[in-house]
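> Given next are the chains, with one letter for each unit.
Protein chains: 2
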Amino acid sequence: MKSQELVFTNNVGEAIDAIVGEINPPTVFVLVDVNTASFVLPRLQALSGAVANATVITTKAGDMHKNLESTKAIWKRLGEEGATRHSLLINVGGGVITDMGAFAAATFKRGISFINVPTSLLGAVDASVGGKTGINLGSLKNEIGVFRQADSVIVSTLFFNTLSSEELRSGYAEMLKHALLQDKESFDRLIGNHVEDLAPDTLLDLLQKSVLIKKNIVDTDPEEKSIRKSLNLGHTAGHAFESLALERKSPIPHGYAVAYGLVTELVLSHMKLSFPSDVLHRFASYVKEVYGAFDFTCDDYPRLIALMRHDKKNLSAADINFTLLRNIGDVQIDCVIAEDDIKTAFDITRDLLGI
Amino acid sequence: MKSQELVFTNNVGEAIDAIVGEINPPTVFVLVDVNTASFVLPRLQALSGAVANATVITTKAGDMHKNLESTKAIWKRLGEEGATRHSLLINVGGGVITDMGAFAAATFKRGISFINVPTSLLGAVDASVGGKTGINLGSLKNEIGVFRQADSVIVSTLFFNTLSSEELRSGYAEMLKHALLQDKESFDRLIGNHVEDLAPDTLLDLLQKSVLIKKNIVDTDPEEKSIRKSLNLGHTAGHAFESLALERKSPIPHGYAVAYGLVTELVLSHMKLSFPSDVLHRFASYVKEVYGAFDFTCDDYPRLIALMRHDKKNLSAADINFTLLRNIGDVQIDCVIAEDDIKTAFDITRDLLGI
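Listed in order, the protein sequences are those of chains A and B. Going by our numbering, the first residue of the first sequence is number 1, and it counts up by one from there. Going by our numbering, the first residue of the second sequence is number 1, and it counts up by one from there.
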């Protein structure tokens, strides 16, 4: 997989124009959803000549529209507006736009150039590196996609003032995960702060450190054969919480689910790999304070376990696979855990979060 | 792009079982169309344990069904039947099945393993190497796709007895193109024969030589930045003939269009690059004898030229781009040719083919 240019800057217009100048495409397209079309695009058009002159493609907002129908509409617009295999697509938005826009670009005429400009913290920290593109198929998340790196990703905090505290905290949970995978210094740096109180340049600096942790892991194992699985920390339990909330028709933000999932998986790490108890307690207190708690009882355990069984990370339908930690920065991938241990971990999670 | 294993054999069952044994997938799927389901699949199920035990996915036959709707049905079947990212898809059929099946596999859960077993000569010689996967979007051919190599391609002549002479000749035209790109020896070897008279093992040998010519070119330039464009020889004019025939509601086989296109482009090669007149005449005589002629008049020139302008190989809408030859094996890519010269070449083509 080709490598990508990763730019951390709050001079977003200049950065886009410089990169478009290098790529020098015959035509430029900008993909936005109806939200970024209103709140971000006009600012970006004022800051960047390339964006101002580009053809704008607008799609519906929200994960339920990250689907084949929307992708087909993007392909059709590209074709109708004369895009060639040398054209460039700039994806401006959250994870939905960067995942789907990247997939559309990666498959249009067997792949055209694209740049991602994430406008949410979650998008910046989670979707800006890794080359995972994709769309949902029915209720199956990211069922269809390819691995393809953007030509460039421009990471900034410039548009974060349009985000709610909840959206900021959601992104911050992925930064906490990266810190847990890295070292105690990274962990201490994050857990001392509340994301909504950080100045834009301070947050950009923390964000850069966090994205580079992910980048190092992804560069080592781009197609998730081995160590990239460490990025699944918190996500086996987290996805189950997220899906259960969705089934109850009271969805929770992805990062909140990850925060709760990290608590459960650090409990498992403590049970199975002697992850230090004091760090677990410190982390769980932070989650309880910042993210509150996800309300679940013993009656939900069978459904949560069934949801974990269907996770596409499992090698076989019989196993439930986790990434766990021996300590901060000391990762053990491919841990198959028995149901009874998972239930115990749920009990302790509820206890720690005061559920 | 990863490299692929290319196996030339008429012991197809053994070859499939050996490769499936190496890949060792938890589940195996076989994609066929309604034709290969009847004429090829039962034979293959008798020859290969892996195929006999696989879940069969059947799709409609014909290029008009190489579309998003069919691809979505394949994705859904894979999901419903429990395919994981470690599953294997075996595509058994002509170019439609291998192009679409490869695209479906390359995008299902961001890419699963797949094997191509081409059952037509055209599929074997044209689609078995190169990693071009794709489907049509509306009337736009191969508008959506990715570059992705099969894990293995098993090339045989075992199923060619189900093909008509027309289908055999259609595939042979692509072999003629490869010979023109390679050397005089390859050219002489092919032009002395009629494909329908060849014994299976003789044809397999010629086919192997032909596919390896293409493989060498593709390995040098997998994403068609430069020398891979040489494989477009005959196809700029050829696609225009093919599209015109389709517009007239009397379609011609792809390889026939390529044969006529090769004549026109060797005429241009003679006009612009002094390609030897005797080789041009020898080739045109062979085409006239084997492929007959495509009936077109001066009144068709403007439409043919318009069709060539829309070719996705062009860098800009203003130019018409050809791959031409100075001599057999001496290629010149990116030749932009003026309309008047193209018209002259059409005049000479009609003369050579007795139209």
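A couple of the hints might just be wrong.
The list treats identical chains as interchangeable, and a pair is accepted whether it falls inside one copy or across any two copies.
Here are the simulated DSSO-like pairs of lysine-lysine, each with C-alpha atoms no more than 30 Å apart in a straight line [what the hints assert, rightly or not]: (1) K225 with K215; (2) K209 with K76; (3) K60 with K141; (4) K72 with K343; (5) K229 with K76; (6) K141 with K215.
No lab work stands behind these hints, which were simulated from the structure alone. As the structure is a prediction and not an experimental result, all values here were calculated from the model.
> None of the hints should be skipped; say for each whether it holds.
Now for the hints, and whether the structure bears them out:
no.: 1; hint: K225 with K215; in the structure: both (15 Å within a copy, 28 Å between copies)
no.: 2; hint: K209 with K76; in the structure: neither (38 Å within a copy, 40 Å between copies)
no.: 3; hint: K60 with K141; in the structure: both (17 Å within a copy, 27 Å between copies)
no.: 4; hint: K72 with K343; in the structure: neither (43 Å within a copy, 38 Å between copies)
no.: 5; hint: K229 with K76; in the structure: between (35 Å within a copy, 26 Å between copies)
no.: 6; hint: K141 with K215; in the structure: within (23 Å within a copy, 37 Å between copies)
Against the hints set out earlier in the document, violations occur for numbers 2 and 4.
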